[in-house]
Amino acid sequence: MNPRLTDIDPAEALRYLGCTDAPPEALRRDLDRCRARLLDCARPRLVWRSFPRLPDGRLEGTDWTPAGADIAAHLRGCPHVVVLAATLGAETETLIRRAQRRDMAQALLLDACAAAAMEHVCDNFCADLAAASAPARLTARYSPGYGDFPLSEQRHIFALLDVTRRIGVSLTEGGLMLPQKSVTALIGLGAPEGARTATSCDTCPARAHCMFRKEGRSCGTP
Amino acid sequence: MELPELTLLDGAMGTMLLAAGLPAGAAPELWCLSAPETVTAVHRAYAEAGSRVLYTNTFGANRVKLAGSGHSVAEVVTAAVRCARAAAGPDTLVALDIGPIGQLLEPLGTLPFEDAIDIFRETVEAGEQAGADLVVFETLSDLAEARAGVLAAKEHSRLPVWVTMTFEATGRSFLGVTPASMALSLCGLGVEALGFNCSLGPAELLPLVEELRAWSGDTPLILKPNAGLPDPRSGAYAMTPADFAAAMAPAAALGVRCFGGCCGTRPDFIAALGETLRPLPRKPVQRRYGVCCATNAVDSSAVRVVGERINPTGKKRLQQALREGDLDYVVRLALEQQDAGAEILDVNVGLPGTDEPKLLAAVVRALQENVDLPLQLDSSDPAALEAGLRAYQGKAIVNSVNGTAESLRDILPLCKRYGAAVVGLCLDERGLPETWEQRVEIARRIRDAAMDAGIPQEDLLIDCLTLTVSAQQEQARETLRALRFVTEELGLASTLGVSNVAFGMPRRETLTAAFLTEALHAGLRFPIVNPGTALVMDAIAAHRVLSGQDAGGEAYLRRFAARTPAPAPEQKHPTEMTVQEAILRGLKAETAALTAAALETMQPLELIETLLIPALDAVGAQYEAGTLYLPQLIKAAAAAGEGFALVRAKIAAQGDSDAPSRGKILLATVKGDVHDIGKNIVRAVLENYGYTVLDLGRDVPPERIVDCAVRQSVPLVGLSALMTTTVPAMAETIAALRQSGHDCRILVGGAVLTEDYARQIGADAYAKDAKGAADYAREVFGT
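Keeping their order, the protein sequence lines are chains A and B. 1 is the number of the first residue of the first sequence in my numbering; add one for each residue after it. 1 is the number of the first residue of the second sequence in my numbering; add one for each residue after it.
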């Protein structure tokens, strides 16, 4: 399963900018330019492995049991867990950092496009994984930092997948990833009926401080 | 240490330890202490398979990765060297293996370069103490980290140093390093061998080996690839030992002398290499020379434009920027030159009353973060040159050494130590030479001294000195004559500060371009010019066609195709627009033109009050109403910023003391947090609204924030944190500010914060976005 980045959804990029209506024409033009630049620059990379999940939640062949009640509930009943790490690469990080020197508005648009692109890569991975695993069902992606699944669990994922060596992502002491446009996640494979197979406001990590929810709106996630 | 023609290294350590029962994800280095016999058994298996260099099990044995393990670096390294030595025969070397630190260095990460050197120093010293025979840095993808390792090893041990880096199939490392940049920089630092490990399988790495060899000359090469590509589902590697060895065999013809394996390889792979590898006649290679930054090497066999504009001589604005530490302005000069076609940038920051070593290092760091061009460090102060060379992640040019005994003594060893190319200026104790023969004589002396200092003559660029024709007309001919001789008879490359020739003459660019054309014809390789002068760059474009460097004249055609006039912009003519309209639409050039026109009739402060501020208020109102979005707000602020800049310049020209600032604000992203785009947006908006912003960056410890707030008497401090996990650091910073007794307001922002949360951690206010921050600043400063 190779990383696939074929397009950046303009509506999704605009959502990151807080814009859910039709954007003004000038903004739309700027955004299209940034989408093209980002698609040209980004070099998505990913690494993943599938582990059998033991009844006590531990991943077989490792000494890791993902910490917290929320991830345990999320993966409950799944015989396998796919551990994923993905990134848009240092090229994108450099592009956005440098754009901040030249034109901050453009940097902001590039940053929003990058966030949308990262989602797109992860969605494509999950679609490919679902196709390869059918008829087994997949849970939604669940990342360190969601619910009570702490950011400190990142280091286990990094060690298991050899993330730094394989795709060039580093972890800061506080568990943040560099390049910033990177994602780690667990996906339950063989999810039983009733498991969470899609993201919703109820499971969203941004629930408490979501700018849309504060205004009584939604980002568009069902 | 003379390496045999073919030397067998070992294979994977991790793979073997996993097979011996080490759980996935555990730290393998600690087994040197807890299960030394298991580690030694792996080493022994490799020695028996034919390995003549055993890598110690110390890939992550540095103080960052061992933190919390309960063991010191020295403990782990000593045990690891002992494990390897126990398996090594008398003719087997023990290599202290060192992997990446695990923290990204600046500018992508937050680890300072000198800290990285110190982390490596600790491991290297422990290794030498424990009796390792050499140091090998491996699996690096950052050239800065590789340089840090080599400097640490060279400065703190006598051990030979090997470096292998990890590349992708694109021909670059994860951080964009090319084989050319790797070879130029590391061979310059004097590594004993270099090459690739991990990355890919052998077949995929062979083209990169060829590239590496072209730029690294006779330095022995190392190849230690993976056993092909891993199966993603299980992480297992599929290549057989025989296939692996067969794929490695051709590398012997490409200058590879050390062969081993990385992930997925075992002792049977090494044994297969021993059976399969044979010395092969070396494939001929076109040797290449040049200079580089981490991501871009510039071949010195062709004409290369050196941009001259980062030099404060006679430039008031740059002098001011350097005095104030305004590196943004210096970066802007660099970007303009890069856009105009510069391929190397000359960097001169010599200004009385400044700390030149500190300033040059800071400018080097800012430039390499923002441009992909090699730098030429221009100073006569050896301390400044050393500070700049140390901070420079690549192979720089030093400008310059001259023929005086003192200069040769002080400058050449620096160039040798840091692996820099150097400009040799044709003057000496007797002053400026008057004839071409005297210039050539000095050039010869510099060449001999450089070669004595161990600098290859390909790294020497002779400057035959340009004098101004308005003062010494006959000297132009002498310069050109010397240049021709240096090129044709001495076979050396050359550089020349071309623009000097026309000093004091009308239509300078005409004279400069003509002299440049003659100098290029005489063999000039590195013209130092202002790439913003079209005539000069036209002359170079033409020369490249006439000399054949621009094959098919394609670059020339592109250059002039782009000159056809652009279609007229659809915007209204500025005179039909108001300042407010221009700002609302985010039009920088129009705002500047309209502000300049308004300044003809209005007082500067009046203009701020009646035009700029009301325009920004209108922008703010539309933003609040949701008819204008954040990118447009930023653009509008940037346009207003052009207006403020003109007003400030006018006030400065009127001779009033300081240009007006609406107030001084400190901004920082708190310790532990690296997400700073939000803070940077706030900074851009506040600056464009006319405030002075002191930006301390990201991952900033509380004490630095307090120190700066107190020392600079800052009335408003803005803090950002993006993650729930970094908000405690924000609370800590606020507590420290309060405790210092410094009287200031504290504004906070970041995705996870709310009004309530902000109050709870003791902030005075919360801003949900850049507009909110500007509103609060206005409240604090009353303007």
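Everything labelled a hint here was simulated from the structure, so no lab data went into it. Think of the CB as a built atom: it goes at the ideal place given N, C-alpha and C, for glycine as much as any other residue. There may be inaccurate statements among the hints.
Among chain A residues calculated to face chain B with C-beta under 10 Å, some are [what the hints assert, rightly or not]: (1) LEU27; (2) ALA36; (3) LEU39; (4) ARG43; (5) VAL47; (6) GLU93; (7) ASP103; (8) GLN106; (9) HIS120; (10) ASN124; (11) ALA127; (12) ALA159; (13) ILE167; (14) SER170; (15) VAL183.
Distance windows between CB atoms, simulated [as the list claims (entries may be wrong)]: (16) ASP118/B to ASP148/A: 47 to 53 Å; (17) ALA238/B to PRO52/A: 20 to 26 Å; (18) ALA131/A to ALA203/B: 27 to 33 Å; (19) ALA236/B to ALA130/A: 22 to 28 Å; (20) ARG317/B to GLY18/A: 51 to 57 Å.
### Those earlier numbered hints the structure runs against, lowest number first
Violated: hints 2, 3, 9, 10, 11, 15, 16 and 20.
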